[in-house]
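Peer 1: Using the hints provided, position chains Z and F relative to the given structure of chain R.
Chains as they are written, first to last, in numbering that gives the first Met the number 0: chain R, 0 to 430; chain Z, 0 to 901; chain F, 0 to 161.
Be aware that one or more of the hints could be misleading.
Here are a few chain F residues that face chain R, going by a calculated C-beta distance under 7 Å [stated by the list, open to error]: (1) Glu28; (2) Tyr71; (3) His75; (4) Cys128; (5) Ala131; (6) Ile140; (7) Glu142.
Because the hints were derived from the structure by calculation, they are not lab data.
Every value quoted in this text rests on a predicted model; they were computed, and no experiment measured them.
Where is the CB? At the ideal position from N, CA and C, for every residue including glycine.
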Amino acid sequence: MSLQDTKPLIGRVQEVGGLVSLSDYEAGGGYTAAQKALKHMTPSEIIDLVREANLRGRGGAGFPTGVKWGFAKGEPQTPGYKYLVCNGDEMEPGTFKDRYLIEFNPHSLIEGMILGAYAIGAEKAYVFLRGEYHEPNRQLARAIAEAGEKNYLGRSIFGSDFNLDLRIHLSGGRYICGEETALLNALEGKRGQPRYKPPFPPASGAWGRPTIVNNVETLCNVPAIIRNGAEWYQELGLTEDAGTKIYGISGRVNNPGLWELPMGTPIRELVDVHAGGMQDGYKLRGILPGGASTDYLVEEHFDLPMDYKTIQDAGSRMGTGTMILMDDSICPVDMARNLQHFFAQESCGFCTPCREGLPWVEQLLADIENGQGKDGDLELLDQNALYIGAPGNTFCLHATGAIEPLQSALKYFRDDFEHHIKHKSCPYREN
Amino acid sequence: MATILIDDKVYEAKAGENLLEAILSQHLDLPYFCWHPSMGSIGACRQCAIITYADEDDTRGRIGMACMTSVTDGMRISLEAPLAKDFRSTVIEWLMENHPHDCPVCEEGGECHLQDMTVMTGHSMRRYRGTKRTWENQNLGPFIGHEMNRCITCYRCVRFYDEYAGGKDLAAFGSRGRMYFGRFEDGTLESEFAGNLVEVCPTGVFTDKPFAQSYTRKWDLQSAPSVCVGCAVGCNVFPAERYGDLKRITNRYHGELNGYFLCDRGRFGSHFVNHEKRIKHAGVRTQSGDYEFGDVSNAIKVAGATLGDRVIGIGSPRTSFENNFALRELVGSENFCTGINDRELEVIKTALDAMSRQGIVVPSLKQVEEADAILILGEDIANTAARTALSVRQAVRTKSFEMATDAHIPTWQDAGVRGHAQSEKSALFIATPAATRLDDIATQVSSGSVSELVALGSSICTKLRSSTASSDDFAGRVTDALRTAKAPLIITGSSLQSIELVQVAANICIALQEHDQTSSFLFVPTEVNSVGVALLEGGLSLSTALQRMAEGQGAIVLENDLYSRAPADSVDKALSPGNFVVLDTLENRTAEQASIVFPAATYAEQTGTFVNYETRAQRFYQVFEPQDEIAPAWSWLSHLAETLGTGSTWDSYASVLEQCAEHTYSLLRDIAPSFDYRIDTTSRIPRQSHRYSGRTAMNAQVNIHEPKAQVDTDTPFSYSMEGQNPGDQNGAAIPYVWSPGWNSNQSVFKFQQEVAGKLAGGDPGLRLIENIGAQLQYFDVSDVGASRKESSFEVVPLHLVFGSDEMSNQSWPIKARIPAPFVLLSPQDATALEVKAGMGLRVGEITESLEVQVDSRLPSGVIGLPQGLVEISQREVARAHLSVDPEFVARTNVSPEVIAKG
Amino acid sequence: MSTVELISPLTDEERDEIEAEVAHLPDRESAAIDALMIVQKHRGWISDESLRSIAKFLDMSPATLDGIATFYNLIHRQPVGRNVVMVCDSVSCYVMGADSFAVKVQDHLGIKFGETTPDDCFTLLPIVCLGACDRAPTMLINEDLFGPVREDELTEIFSRYS
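Chain R with its partners taken away, still in its complex shape:
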């Protein structure tokens, strides 16, 4: 068994010891899935296989990929009528997995996109990439050129009648562009404000055409599923969710980083084994399990396996699977302020609760942190959290995500907030 059979995403990177070149990729069986699929499989067969494999979106929402692709099936096959868009706008604070995949294994993304595009009948595909991702951009651009030279992209790929034009769109930089409809507006060259759904992108997406938007990691999973089958993929997971997951940890641990592990690896194993445990003198207090926009998990949750359902049942979301650790030296109020500063800054300015509510929340947190909190401020925060955070109260889910860490901080670390207001100072600063 090679590493690729247990770690389809970055096993090859580990084998090669860095960037997987085209020849490295092919030597490890790269592009055989695309070749096989374009010659011997119908688009429906691919969609069915991906659905059977139970691949779920790795961008945060966890929507079944095969089902999503199915929404775009059966539309007229006029050339240029549909689009496949890879969401490489990785901007969720604490998340750094897609950068790694694109920078070190760009051909797996390209092959995944060939398969996805073929499955939904798109002849035009875009990678929407963060503007700050200069090195990934260089590597991906080179890989696209290499693939083009070998006719893995372009016209009549692998001698089939399938064509694919793959382009990179470098983002002008906005967190909200990671939201798929905002991403589509940005791709169209417009202000990256989200769109109302319905219509959903598979019905009316980029330039009004049926469009599928998939996360980088999601697409990178597809070649191995085609190569090895749905059953193999499902068995990679430890719990009911299939496949592997790239988990990441940042914060005061001895060995921060990324690991491709079976879906459902327990949190404590991630922290203590893979990340090498907490640094000396620091104690783990809380975890944002899937990026900045997820609810805190605390001590009572640390033995849970990291999969979609378990983490949701625990009151949070698996999100991107890259965790941010809060240790005991960090003031929860100030951390909340830092988080709300980010979300207020990155609000697109379209709807009222997000545009006007988040700056108010940030200001209240700053006041409390700076010893200027007043009685009633926590109730004001609660009210704002309730009204800003409920899905449907705002136009998109940006503010909902913003409120998740706040409402859980108010729940788990309320003593800290009250202490700040009562003593008009931050105890963490005095230490």
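Peer 2: Relative to chain R, chains Z and F alone:
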């Protein structure tokens, strides 16, 4: 239909319609900001939150936005649930974080939608402790004031200006809590619909700048239902008065015509009413040429003596049907002239003939918006009837609504519809001499001289009638588009003064009818009552009338500067005997040569009827009593009749109307309520709001005694705040919109049967002509055959939205937008003449050299001259020689930055 | 009429690069962000004059294009120094001491966030998560990513840029 349960009460609504609209259509109160009845929903402000319940057992429900919800049968919602009310008040609290507390000095105060909604939600205590954001404002030109600190980021301004009206120079900048709405840099807003920002903005960001210079609170204004005099569309307006001055014009909703929007000529073009050149007294010209004022009865007596017993009358397309009728009564039909130049009158009569033929449907503007293929033949409607162009802009979206419906996107989901359709549009073909401000949305444009446009129209008609395969040229593509359309529309007009053009346009409609297609025909006359006075007809053409005057026959000239109608030399000759009387509002070249001048009331100072392009007769009511000796023309004519001992005399508007209806169209009695109409059988309708202040003291510096309230014997309105304005009265009798809790113009929904539908009491006006033809009958179009000559240029008149209308040109805000006189050249001719834009040309007989402007669409051999700014011969196809004026200096300091751009 | 339009014409290279993007898009306006990024790459920032030229080249109004330009964090509508230093202020770097790191960078360059050094060498800006959270605290100088950065490395790092 669907049945919905709102707070446990049953209501009827339309399945699939927008829930916010359904709620407002029931006249229930629900706050909102970003939604607009004409622009649909975007879900930005989150103000119209309600509670929706999943099923009968659901007791908690969840917050939803009414504007983003479709009505479904059996749905259950609550407006009054505490959670919904608390959320709505929180939304206001968020919006008010940064909104300045400057209401006392804000132009919007007292009619501010944000004020209303704040009060409605109950938010009153400020809890936000941060500083407020501030902005630098922009100078947006003479019409619109800008105060960005007041902005609540509802996006209505850019949605109206850019998406609805096609403007390009207003945008949303920035993001998060730092959103700015303005121009790229300071400068005049280019669109001729910019004035609507004043009404579209829910608070005081965009305000009426001329109004602000002499400001009055809405509640202190006196107003009455009226009709815009800017062009022949007949948009309904509210002129508003205080201290004897017309202060401003705002939109008066009409479901079939202007809807919620006016053009800027209409909104800012009425300040001529307060012009210093108003004629205010009856005057008799003395030997020295000066006018002697002060003795009205003497003036009437002198007029009688001067006119003699064989009097002719020259009427006017810019005054009321009744005033023209009164003149016709006085002089007799055979001695009455419409006052329109001969060629234009023939064009209008041809159009009226066409409109009465079978197969010709005349569309309202609402129907224009439903057209799915449009051909504009010859008329630059963005300049001659700007509101029509705004409707054409909506019509090209017909296809996007079809596409949206196919994709299961509700048509009210505005961003979704636009995003899905992208640049797909319904067919719009424009054939005009020069570029128009609708070219940006046209499927294809074509240019030509007048004769070429006629030939093009004939060719389209021939193709429609033949069964031959279509050709791949402009005419062929137009033919294909019209043939396959469900609601084709042909638009033409009188501005090119071509009878043949109107005939071919009508023939195209008739050809479509032959194919069993219902087609619409929209003819654009130039002036507010062109159609009305043309329907009155008269035995004299203008050229004959002028000749009679030149021969010494006495004449009464009614509100008409003859120099704008006929060549100066012929008018000079006509006026030289000097035995004519002028009734007019402003001094002009004709009036200053009259023997006797009588001060006529403007439309704001009298009651009357205008007939629009559809032949819709609409009543406009006196807004305020005119000052000094100013009186409606019919009353002066009554006095003259008495002196002359002929015709009829009247002592009230009601008596003129009665006789007019009896002798012309009896429908005139029914278009609006008569003087004895009352609410609940007893109440008059007040011209003043119930908060109107200072009635007893506003003239105390003149007379300390409380003035007697003015009595109105002509209309159902009162000159006071007493009475009722309930909302469901006759739609033609709404003096202003206001409803408890709704002080802003948004209150109009309380006056409608349903949101954006008909007025509760019906949309005003009735058409005098419905098509009556029994069989298809084409016009025989005579061969125009005007070939181009090498030595001279064919002149086409260009109409300008700011500059070609006699009265609005005298309105001071408009003056700032009128360009220097210019000549429009094709690029080829400019090259041949070795001139560039900004250089000067001598054109034909015109004394003053004209500034060159180059138009990429104008054909070689044709030049355009701005109507109203330079004298253009109106007798036939005019031609002119050109020569370069090397001395020319462009009038940069007086020319406006922007005329009007799409 | 308006006076001479203040535009700064696009270079052939800029035009070619923008056209290459347009070729893969359904219409010219769709290349708005690409065009802004391309011109900024060459000129460091987007001046009003540059913005007018791009708008003209893409057949769109300056207002619409500026609405787009001002939406995005990475498009500079004000002049920047020869090198742009962006320091991450998001949560992963925050828990690793980004706030005090940011103070040190400011002290080192002698400017605050949003400012440019008097010699025009550096402009200092805050930036959201750079996606290198395992290397916190992180910093981006032009296209070069640094992390984890220790205070004693700053002198050497900045000395690489002139």
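Peer 1: Do the numbers back the hint for Cys128 (chain F), that is, is its least Cβ distance to chain R under 7 Å?
Peer 2: holds, 4 Å
Peer 1: Quick one, is the Ala131 (chain F) hint okay against chain R at 7 Å, beta carbons?
Peer 2: OK, holds: Ala131 (chain F) within 7 Å of chain R, min 6 Å.
Peer 1: Under 7 Å, Cβ to Cβ, is where Tyr71 (chain F) needs to be relative to chain R, so tell me if that hint holds or is violated.
Peer 2: holds, 3 Å
Peer 1: Minimum Cβ distance from His75 (chain F) to chain R below 7 Å?
Peer 2: violated, 11 Å
Peer 1: With 7 Å as the cut and Cβ atoms as the points, is Glu28 (chain F) at the interface with chain R?
Peer 2: holds, 6 Å
Peer 1: Should the hint that Glu142 (chain F) touches chain R count as held when the rule is a Cβ pair under 7 Å?
Peer 2: Interface hint status for Glu142 (chain F): holds (4 Å vs cutoff 7 Å).
Peer 1: Can Ile140 (chain F) be said to touch chain R, with a Cβ gap under 7 Å?
Peer 2: The hint is violated - Ile140 (chain F) has no Cβ within 7 Å of chain R, the shortest such distance being about 11 Å.
Violation of the numbered hints given earlier is confined to hints 3, 6; the remaining hints are satisfied by the structure.
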